[in-house]
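Starting from the given sequences, assemble the full structure and let the hints guide the process.
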Amino acid sequence: MKNNDLLTKVYNALLAAFGSQHWWPGDTPLEIAVGAILTQNTNWTNVEKAIRNLKQADMLDLARLRDVNLRTLARLIKPSGYFNIKAKRLKAFVEWVCREFEGDLEAMFERSVQSLREDLLSVKGIGPETADSILLYAGGLPVFVVDAYTYRICRRHRLILEEATYDEVAEFFTDNLPEDVAIYNEYHALLVMLGKMICKRRKPRCDVCPIRDVFEEEPELAEDER
DNA sequence: TGCCAGGCCGGGT
DNA sequence: ACCCGGCATGGC
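Everything in the first sequence is counted per this note's numbering, starting at 6 for the first residue and increasing by one.
Think of the hints as simulated: they come from the structure by calculation, not from any bench.
Everything numeric in this text was worked out from a predicted model, so none of it was measured.
Be aware that one or more of the hints could be misleading.
Unchecked claim - Quick list of in silico lysine-lysine cross-link-like pairs, DSS-like style, CA-CA up to 30 angstroms:
(1) 129 to 60
(2) 129 to 96
(3) 54 to 201
(4) 201 to 83
(5) 83 to 54
So this is what it looks like as structure tokens:
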């Protein structure tokens with residue numbers, strides 16, 4: 006089976022099993038960007054508490070985040086873990102937006118995706134997954150987000166090489182899917198849902214994996230096709 | 001109870 | 001160019 010057919014079947018199977026995920030959970034681009042930083046290696050429920058604190062303090066605002074002192078910010082986001090380092094990362098991002106785009110997030114997303122991504126990655130604390138989450142979910146730009154679940158799922162099903170890099174995994178999806186923001190959005194969310202339910206290190210519940218059939222149809226072809 | 005979560009950085013080989 | 005420790009909370 007061709008990779009594009011395979012990825013489409015996986016997508017359809019996941020959508021049928023889990024339904025639309027309505028990502029990203031967040032009301033504004035800024036809230037989404039903040040959530041993307043706070044959720045680094047952290048359970049989303051913890052991030053929700055931190056975001057709730059920020060909202061209650063009326064701090065979900067670029068200028069206020071820029072002006073608030075580091076210790077206060079760290080205290081507000083404490084439930085999300087790594088609060089000292091994440092406070093610095095939030096600051097670095099917000100200061101960058103204020104400096105480069107005069108505090109206008111919408112203006113930021115007008116830039117061309119390529120150079121914008123590179124510049125985002127130069128901000129301390131913004132790695133590839135965080136950058137891409139911001140671009141896709143806050144900016145609505147056609148970027149595919151790769152995370153630890155995406156890696157595991159793709160490796161397990163031999164869709165990618167064991168040593169594939171982040172960009173190579175992302176390319177596998179963008180090369181074999183229509184360039185469609187809604188699909189990128191939903192696909193990543195569905196892979197995370199699949200990962201949460203199936204890919205727990207302890208017991209991979211392969212018996213209830215909704216994409217199992219897709220690969221069992223022609224197991225030998227999925228093997229060598231990169 | 002210990003292990004894990006929607007990473008990333010910096011310092012050491 | 002890899003490899004690894006550090007960062008920290010809340011939930012099961």
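Does the structure keep residue 83 and residue 54 at a Cα separation of 30 angstroms or less?
Distance ~9 angstroms between residue 83 and residue 54 Cα, so the pair holds.
Keeping to a limit of 30 angstroms between CA atoms, is the pair of residue 201 and residue 83 held or broken?
holds (24 angstroms)
Between the alpha carbons of residue 54 and residue 201, is the straight-line distance 30 angstroms or under?
Cα-Cα ~20 angstroms, so holds.
Would the hint linking residue 129 and residue 96 be met if the CA-CA limit is 30 angstroms?
Answer holds: residue 129 to residue 96 is near 10 angstroms, not above 30 angstroms.
Check the hint pairing residue 129 with residue 60 against an upper bound of 30 angstroms on the C-alpha distance.
holds (24 angstroms)
In this structure, every one of the numbered hints holds.
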